[in-house]
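Enquirer: The opening residue of the sequence shown carries number 142 in our numbering; numbering runs sequentially from there.
Heads up, a few of these hints could be off.
Said to hold, decoys possible - Heads up, simulated DMTMM-like pairs for lysine to aspartate or glutamate below, C-alpha to C-alpha not over 20 Å straight-line:
no.	residue 1	residue 2
1	Lys397	Glu185
2	Lys406	Glu185
3	Lys406	Glu396
Unchecked claim - Computed beta-carbon distance windows for the label pairs:
no.	residue 1	residue 2	range
4	Leu387	Phe228	42 to 48 Å
5	Phe184	Ser273	20 to 26 Å
6	Gln276	Gly362	38 to 44 Å
7	Pro209	Ile255	39 to 45 Å
8	Pro209	Val360	39 to 45 Å
9	Thr300	Gly145	24 to 30 Å
10	Val248	Ser183	35 to 41 Å
11	Thr393	Phe423	36 to 42 Å
12	Pro386	Tyr258	46 to 52 Å
13	Arg182	Thr300	28 to 34 Å
14	Thr393	Met272	39 to 45 Å
15	Met272	Gly167	17 to 23 Å
In case anyone wonders, no lab produced these hints; they're calculated from the structure.
Remember, it's a predicted structure, so these values are computed and weren't measured experimentally.
Even glycine gets a Cβ: it sits at the ideal position worked out from N, Cα and C.
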Amino acid sequence: IVVGMVAGGVLNIANAIPIVMGANIGTSVTNILVSLVHINRSFEFKRTFAASMVHDFFNVLAVITLFPLQYFFNYLGWSAQILANVFKNVGGMNLFNPIKAATQPVVKMLIELIGNYPWILLCISLFILFMSLKQMVNALRILIVQKAEAWFDKILFKTAFRAFGVGLLITMLAQSSSITTSLVVPMAGAAILTLAQIFPYTLGANIGTTITAILASLVTGNPNAVVVAFAHLLFNISGIVIWWPLKMVPITMAEKLAGFAIRNKMIPIAYIIVVFFIIPIFVILTFQ
Numbered sequence: 142i143v144v145g146m147v148a149g150g151v152l153n154i155a156n157a158i159p160i161v162m163g164a165n166i167g168t169s170v171t172n173i174l175v176s177l178v179h180i181n182r183s184f185e186f187k188r189t190f191a192a193s194m195v196h197d198f199f200n201v202l203a204v205i206t207l208f209p210l211q212y213f214f215n216y217l218g219w220s221a222q223i224l225a226n227v228f229k230n231v232g233g234m235n236l237f238n239p240i241k242a243a244t245q246p247v248v249k250m251l252i253e254l255i256g257n258y259p260w261i262l263l264c265i266s267l268f269i270l271f272m273s274l275k276q277m278v279n280a281l282r283i284l285i286v287q288k289a290e291a292w293f294d295k296i297l298f299k300t301a302f303r304a305f306g307v308g309l310l311i312t313m314l315a316q317s318s319s320i321t322t323s324l325v326v327p328m329a330g331a332a333i334l335t336l337a338q339i340f341p342y343t344l345g346a347n348i349g350t351t352i353t354a355i356l357a358s359l360v361t362g363n364p365n366a367v368v369v370a371f372a373h374l375l376f377n378i379s380g381i382v383i384w385w386p387l388k389m390v391p392i393t394m395a396e397k398l399a400g401f402a403i404r405n406k407m408i409p410i411a412y413i414i415v416v417f418f419i420i421p422i423f424v425i426l427t428f429q
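Build the full structure now, drawing on both the sequences and the hints.
Expert: Structure representation (structure tokens):
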């Protein structure tokens, strides 16, 4: 969306790059919602909440370390400009989005039925989202019971680099890092995957979600859109270079918060409200 707005002249590069950083944090809210499905099973919930938070903490830490570099030195802006110049004559492509193709008819039908009542549409959408996540968790639990756990643990997630590649590939195909990372949350709850296995997988998902944006931006031929798409890629690569070697920091943070969460079930709700609503609104109103 941000790349499209830049291509349309609605946003400039300087404003678009911080939005991309914030979007990286915002996309992890889906994982947390998936973990809430397990909230009545304390031991499962501790593992699923930690699995959802390790992705969020990586994104937060990446923003904390890289935003000052971008703000004071335009680090992502000028480095993305160099890459954009290298690829300026390379054609791109719009990949087929299976998720959008499956959901678009339902979305159009709901809009036509409800009409000009956006709040009702929002409530229905949230209900459908939660029920879909619940069904996905149930389906994955059945899959795990049917002995698929060995396939995930011993093959797909056998090494960190393989897990990284799996996360990247699935995200490129699904064109949604939220879907990719949400898939492994129930597996953490069932103790099939550890945080050490899930962490590189989520990093791969972060890279995968930038590839489709780059390909789409190259199609537009708009230099600014290409710069923003590459800035998103460089942001994630830079975050990985810094925090993958220090992976125990986000992993430990996720485990600690999950430990608090099973003692007080309001902590996940409070976290969602504070991080995804109060802080963004405060920043918008303070620095407008």
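Enquirer: Evaluate each hint against the coordinates.
Expert: Quick rundown of the hints versus the structure:
With a C-alpha separation of about 15 Å, the suggested pair Lys397 and Glu185 falls inside the 20 Å cut-off, and the hint holds. Distance check on the hinted pair: Lys406 and Glu185 sit about 13 Å apart at the alpha-carbon level, within 20 Å; holds. For the suggested pair Lys406 and Glu396, the alpha carbons sit about 15 Å apart, so the restraint of at most 20 Å is met. A hinted range of 42 to 48 Å is violated for the C-beta pair Leu387 and Phe228, which are about 31 Å apart.
Between Phe184 and Ser273 the C-beta distance comes to about 25 Å, which sits within the given range of 20 to 26 Å. Separated by about 41 Å at the C-beta atoms, Gln276 and Gly362 satisfy the suggested range of 38 to 44 Å. At roughly 44 Å, the beta-carbon separation of Pro209 and Ile255 lies within the given 39 to 45 Å, and the hint holds. Separation of Pro209 from Val360 is about 33 Å and departs from the stated range, judged on CB atoms against 39 to 45 Å.
Separation of Thr300 from Gly145 is about 36 Å and departs from the stated range, judged on CB atoms against 24 to 30 Å. A hinted range of 35 to 41 Å holds for the C-beta pair Val248 and Ser183, which are about 36 Å apart. At roughly 27 Å, the beta carbons of Thr393 and Phe423 sit outside the given window of 36 to 42 Å. Under the hint 46 to 52 Å, the C-beta atoms of Pro386 and Tyr258, about 50 Å apart, fit the expected range.
Between Arg182 and Thr300 the C-beta distance comes to about 30 Å, which sits within the given range of 28 to 34 Å. Evaluation of the 39 to 45 Å hint for Thr393 and Met272 yields a failure: the beta carbon distance comes to about 33 Å. Distance hint for Met272 and Gly167: a CB-CB separation of about 22 Å, consistent with the stated range 17 to 23 Å.
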